[in-house]
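Protein chains: 2
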Amino acid sequence: MQEGRRRSRRDKGGAHRPPAPKGGKPYWRQWKNPFRCLEVLSEDHVEAIHEASLTVLSEIGIRVLSDPARALYAEAGADVDDDMMVRLDPALVMEKVGLAPSSVTLQARNPACNATMGGNNVVIGTVGGPPFYSDLDGGRRDGSFRDFENFCKLAQTFNVIHVMGTGTEPQDIPINVRHMHTARSLVTLTEKPGFIFFRGTQAVADSYEIFRIAHGLSEEEFRDTPVCYSVANSNSPLQLDGLMCRGIIDAAVAGQAMVLTPFTLAGAMAPVTLAGALTQQNAEALAGICLAQIARAGAPVVYGSFTSNVDMRSGSPAFGTPEYTKAAFASGQLARRYNLPLRSSAPTASNCVDAQAAYETQMSLWGAIMGGANFVLHGAGWLEGGLTASAEKFIVDIEMLQMMAEVLQPLVVDDDTIGLDAMRDVGPGGHFFGTPHTIARFEDAFYTPLVSDWRNFETWRDTGSVDATRRANRIFKETIMAFEAPPIDPGRVEEIDAFVARRTEEGGADIER
Amino acid sequence: MQEGRRRSRRDKGGAHRPPAPKGGKPYWRQWKNPFRCLEVLSEDHVEAIHEASLTVLSEIGIRVLSDPARALYAEAGADVDDDMMVRLDPALVMEKVGLAPSSVTLQARNPACNATMGGNNVVIGTVGGPPFYSDLDGGRRDGSFRDFENFCKLAQTFNVIHVMGTGTEPQDIPINVRHMHTARSLVTLTEKPGFIFFRGTQAVADSYEIFRIAHGLSEEEFRDTPVCYSVANSNSPLQLDGLMCRGIIDAAVAGQAMVLTPFTLAGAMAPVTLAGALTQQNAEALAGICLAQIARAGAPVVYGSFTSNVDMRSGSPAFGTPEYTKAAFASGQLARRYNLPLRSSAPTASNCVDAQAAYETQMSLWGAIMGGANFVLHGAGWLEGGLTASAEKFIVDIEMLQMMAEVLQPLVVDDDTIGLDAMRDVGPGGHFFGTPHTIARFEDAFYTPLVSDWRNFETWRDTGSVDATRRANRIFKETIMAFEAPPIDPGRVEEIDAFVARRTEEGGADIER
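Sequence order for the protein chains is W and F.
For the first sequence, the working numbering assigns the number 1 to the initial residue and increments by one for each residue that follows.
For the second sequence, the working numbering assigns the number 1001 to the initial residue and increments by one for each residue that follows.
Any given hint might turn out to be false.
[As the list claims (entries may be wrong)] Derived CB-CB ranges, DEER-like: (1) Pro-34/W / Ala-1498/F: 58 to 66 angstroms; (2) Glu-59/W / Glu-1043/F: 28 to 36 angstroms; (3) Thr-463/W / His-1431/F: 46 to 54 angstroms.
[To be verified] Stretches of chain F that chain W covers, calculated by requiring three or more beta carbons in the stretch to come under 8 angstroms of a beta carbon on chain W: (4) 1033-1039; (5) 1232-1243; (6) 1311-1319.
Just so you know, the hints here were simulated from the structure itself, not pulled from any lab data.
All values reported here derive from a predicted model rather than from experimental measurement.
Glycine residues also receive a C-beta, built at the ideal position from the N, C-alpha and C atoms.
Full structure from sequences and hints, please.
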């Protein structure tokens, strides 16, 4: 036989697959990465970037646009000048970074959904941040509360999503109370850890209070129990704004998790060279981690990597590029240098859910997973460089995540799986389909896809030539229709609603963005 | 700053990028894989599969539907029974496999295009075998000679394609002379090594003769100079048909390269368990390699892996599945166990060039590259489980291959790339775009995409919302229009034409398929 003739053995049609079980395999709730991470840096190169980062922090310094943050840095022994520049001695940096835990576990309302970031554990989060939302039915538009809640429902449904991001920004809710409505939806529509924005101390406190009530924790218990997380991006290059500094301090004091992610786009906010962008990323991440540890020793922090490059012709940010993937591998080596959990992402710059969206996201995802990321943020739903949260992209990403979850499952080798007896029974030229060895494993032998259509061309064509994006649209709507909220103590919901009502009456929070 | 606000730094439009340079970077002609391969098997598991494969070959045996092949096996000491079963002693298998070279170099008409399969070298081939062809303009139809020649032109143009597969089957050329017309196009439209089908000794000899003339080799020189390659698929399970056996012997005697690829679809032609399918793949590959080495010690062979799974509900073959990816990693471990070059592929089961086509191909490609494949066949143009060669898929695959070629490039770390001075000059909150450090690297800092559109949503929408597949269609047509055939000695073309004319007059070849 020859490859050109393999079609002769192909099926002649094939029944339409029944839908995959809702949410997928229970073991997808916990990812363990069994692989030795891919490395692009020699040990010497890791040390060179480490040393250069410490030189950046001690000689150039970082501008800190926050009085309380500068006071904390100064109190810890940093050099703070009149130009708001903070310079950190290498020994001080390493002492403070050494206080950070190597692993962060976010408690979920359902303990089966607890999410550990550290070691070989991998946690997947949904997209967060986009002001726009899109689906095939209505096109691209401002994100709404309904869209936000739909992303909560998707996050709750699929087992490969471990924590909720922000989905999309519900622009139809007034900004002064928006954080409370999103937090309420997060804790009632999902039983998984969730994200809160750093939008000022009042808003952060409101959000924490809603999570605290939902989890039934005392204020003291809450401070030692991370149940949610935030992201602080430095204003690259080498600057931390007031809002982020306050958030870092607030989260540290509250004992809640935070990801310190420099936004180091090579060629724009960072050197055009990857080694330079990584050096700057490392310096900025360590500076933020230091602030958190100064505010409270042992504060749960994650080393955030987001280094990518711009299109040098237009200045547009690009994602899922070869440079992005290599930076993800390198970031893993740096985070492990400090024994810190690593955050990466799965972004794309594509403007629609096409082949580009899929291949760029794959490049990002392989970079994250094989680089040793412990937290993959923007793992589902990210489109258009992060400006849009897409319903169909979310579903396509779920398929890609489920496939990756299966790649991480062990390949079992024993007498039973080698199956010499099955080969003896079937013999040369036979077929394994009906053998006891096959029948015993029929149901669970292989990954059952969510979106992929494996039927032959004629059947696919005769049923409408529906492509992956349109299939994803259907799956999105079916998933939302079938959603059932997870159980929650009604007393806690009442308490949350009373809190939201009171704080709304008080005028909500003063929001900065 | 916070991730939800990063849009504020985004470009407001961006010029349309000029097309990428034709063919891409010269260094894409030679891929070196710098990574430590990903492994899914422990050393013990590799040995268990190895031992089980030898047990298959010595106890169950393989059915060989070829008198001359059985005679060769018997002469070498194998046990051959009346039922055409050949049983190979483990010591005999290992002795013969040990004769195979660890590396195969295919000479090209242009020495800059020589393709080495072995060590950390990676060679990419186009799709081969599909009877159908498709593009957006004409839809799916029988492959034609024009389509075949177009694939030759694409293969010649892009530096990430190192050897030509068969493209699509030119069904408008009579079968008895088709092999001569395809070989002639291969050697005149490309200067890269090419594929020939095993379709009987006459057709193989005709094809070899055309390659020999094109390369200006004597018959003796030709026998020691691999310039083309073929693929022999076993009729899994455990069977080698007459056509493949003849091809293996013909290629070995002619000193031309061959890939021994079992077609072990788990759950159909192989056990439903990956360990079982890999054991059977290994047994069948080793049996074919033994036959080649018996026919001529040192014959240039490649260990072929193609283990995937079927959809257990419909029987359809699936590609780019998690099982496929893990089998690719495991196959690398097995090939390295025997110090043999490894062939893998980049297939998908999708019926159109959509997100599924991209993510399944990415899963296959990462499996191949990070599994340590030395030859990635079906690297560009494969669609629909291999039944169709697609113009747009070819271009999208080129983009994915170019991105992977860049991932394999070293990340340079030195004082210059770390760029501390650039960070000092720019300072906190500044911008790197206009710095000397950036300007000096402006042109070559990052990968320039072929298909990807990184412009912002508004610009993309206002210029027609063209998705990746439609962009690929345009690039395909532009590439064909711009094609210039590489130089070739006109005397050799005359000699080839005279040969084709004579053999056509003689009736061409008796073709078996």
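Here is what the structure says about each hint:
Restraint check, Pro-34/W to Ala-1498/F: a C-beta distance of roughly 60 angstroms satisfies the suggested window 58 to 66 angstroms. The supplied range of 28 to 36 angstroms is broken by Glu-59/W and Glu-1043/F, whose beta-carbon atoms lie about 48 angstroms from each other. At about 52 angstroms, the beta-carbon gap between Thr-463/W and His-1431/F stays in the expected band of 46 to 54 angstroms. A count of 5 residues in the stretch 1033-1039 of chain F with a Cβ less than 8 angstroms from any Cβ of chain W is obtained; the coverage claim is therefore met, three being the minimum.
Requiring three or more residues with a Cβ within less than 8 angstroms of a Cβ of chain W, the coverage given for the stretch 1232-1243 of chain F holds, as 9 such residues are present. Here the stretch 1311-1319 of chain F counts 8 residues with a CB under 8 angstroms from a CB of chain W, which clears the bar of 3, and the coverage holds.
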